[in-house]
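Undergrad: Sequence:
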Amino acid sequence: MSAGTIDGTIPPRTADPDPGRAPPPGRRWRRRLGLAAATLVVAALVAAWAFGARYQPAAFGGGSRGPVGPHLISKEVNTVGGMQGQVYIPPQPSARGSFLISLSNDGPLPVTIESLSLLPPGMPASAIHYGRPFRIDGQPTYTLEYLRYQQQQIAPRVLAGSVLAPGESVDVRIPIRTAPCWSPHSGWEMRTVWVTTRFLLWTHHVPISWTDRSDPSQGAIISEEGYSSGAIRGVVCPR
Numbered sequence: 001m002s003a004g005t006i007d008g009t010i011p012p013r014t015a016d017p018d019p020g021r022a023p024p025p026g027r028r029w030r031r032r033l034g035l036a037a038a039t040l041v042v043a044a045l046v047a048a049w050a051f052g053a054r055y056q057p058a059a060f061g062g063g064s065r066g067p068v069g070p071h072l073i074s075k076e077v078n079t080v081g082g083m084q085g086q087v088y089i090p091p092q093p094s095a096r097g098s099f100l101i102s103l104s105n106d107g108p109l110p111v112t113i114e115s116l117s118l119l120p121p122g123m124p125a126s127a128i129h130y131g132r133p134f135r136i137d138g139q140p141t142y143t144l145e146y147l148r149y150q151q152q153q154i155a156p157r158v159l160a161g162s163v164l165a166p167g168e169s170v171d172v173r174i175p176i177r178t179a180p181c182w183s184p185h186s187g188w189e190m191r192t193v194w195v196t197t198r199f200l201l202w203t204h205h206v207p208i209s210w211t212d213r214s215d216p217s218q219g220a221i222i223s224e225e226g227y228s229s230g231a232i233r234g235v236v237c238p239r
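The numbering of the sequence shown is the working numbering, which starts it at 1 and goes up by one.
In short, the hints are calculated from the structure, not lab data.
Keep in mind that the hints are not guaranteed to be accurate.
[Stated by the list, open to error] Derived DEER-like restraints, expressed as beta-carbon distance ranges:
| # | residue 1 | residue 2 | range |
| --- | --- | --- | --- |
| 1 | G161 | H185 | 20 to 28 Å |
| 2 | L35 | E189 | 23 to 31 Å |
| 3 | V68 | A160 | 21 to 29 Å |
| 4 | H205 | G62 | 44 to 52 Å |
| 5 | A165 | K75 | 20 to 28 Å |
| 6 | A53 | E189 | 29 to 37 Å |
| 7 | P70 | G107 | 13 to 21 Å |
| 8 | T143 | G34 | 48 to 56 Å |
| 9 | S186 | G69 | 20 to 28 Å |
| 10 | H205 | R31 | 46 to 54 Å |
Please read all numbers here as calculations on a predicted model, not as lab measurements.
Think of the CB as a built atom: it goes at the ideal place given N, C-alpha and C, for glycine as much as any other residue.
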């Protein structure tokens, strides 16, 4: 009987004759590089998502003009001592007019302007029922605020859906109609409009103010409170 046999047969092996070998160094480095690349891709996606969620470059462009119109009565008040004062809209029959503010893109990427309203999100964009002396009456439009060398001014374009390029500023004309009725014992002050912007998947509701940050009353629009009808006691409805 030869060594290593039992009854002429070879017994089952009790040890692996070819023990496992460590992967070659090149394979280990490829695996590590793959994991590092995947980690970088995930980190980049998370950073891009966070950037997109925060990115909101629309801001006040530096220019404004109080309400004016062919039949709209308004006047500048409280301008003594070199102060900017306010634009006052007194009680009057319902009239059409417009006021103007500028918007700029202070960021590195374009942004879409979805809409502009007089009230915060969740409230009607044109509501006299909330004591506003006027409502938006039509579509806000825009023209270029600053012209580059040999650039031609554009015809007024609808603001909703427009794309504001990086560094671009536009003058936005907001058409309005004043309230038919007024509350002579209640004051109202307006210094902000709300703009809804969109960047890729994200939207933001942004308050745009054109008044002095140190004194928000300077440059504001002021009036008595306005209402859509005379159903409220004490209101005056000029004819």
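Undergrad: If a hint holds in the structure, say so; if it doesn't, say that too.
TA: Hint check:
Between G161 and H185 the Cβ separation comes to about 41 Å, which falls outside the hinted range of 20 to 28 Å. Remark: the range hint 23 to 31 Å for L35 to E189 is contradicted by a beta-carbon distance near 59 Å. For the pair V68 and A160, the supplied restraint of 21 to 29 Å holds, since their beta-carbon distance comes to about 23 Å. In this structure the hint that H205 and G62 lie 44 to 52 Å apart at CB is violated, the actual value being about 22 Å.
Between A165 and K75, the C-beta spacing of about 37 Å breaks the proposed range 20 to 28 Å. As the Cβ distance of A53 to E189 is approximately 33 Å, the hint placing it in 29 to 37 Å holds. In this structure the hint that P70 and G107 lie 13 to 21 Å apart at CB is violated, the actual value being about 38 Å. At about 53 Å, the beta-carbon gap between T143 and G34 stays in the expected band of 48 to 56 Å.
Evaluation of the 20 to 28 Å hint for S186 and G69 yields a pass: the beta carbon distance comes to about 23 Å. Between H205 and R31 the C-beta distance comes to about 47 Å, which sits within the given range of 46 to 54 Å.
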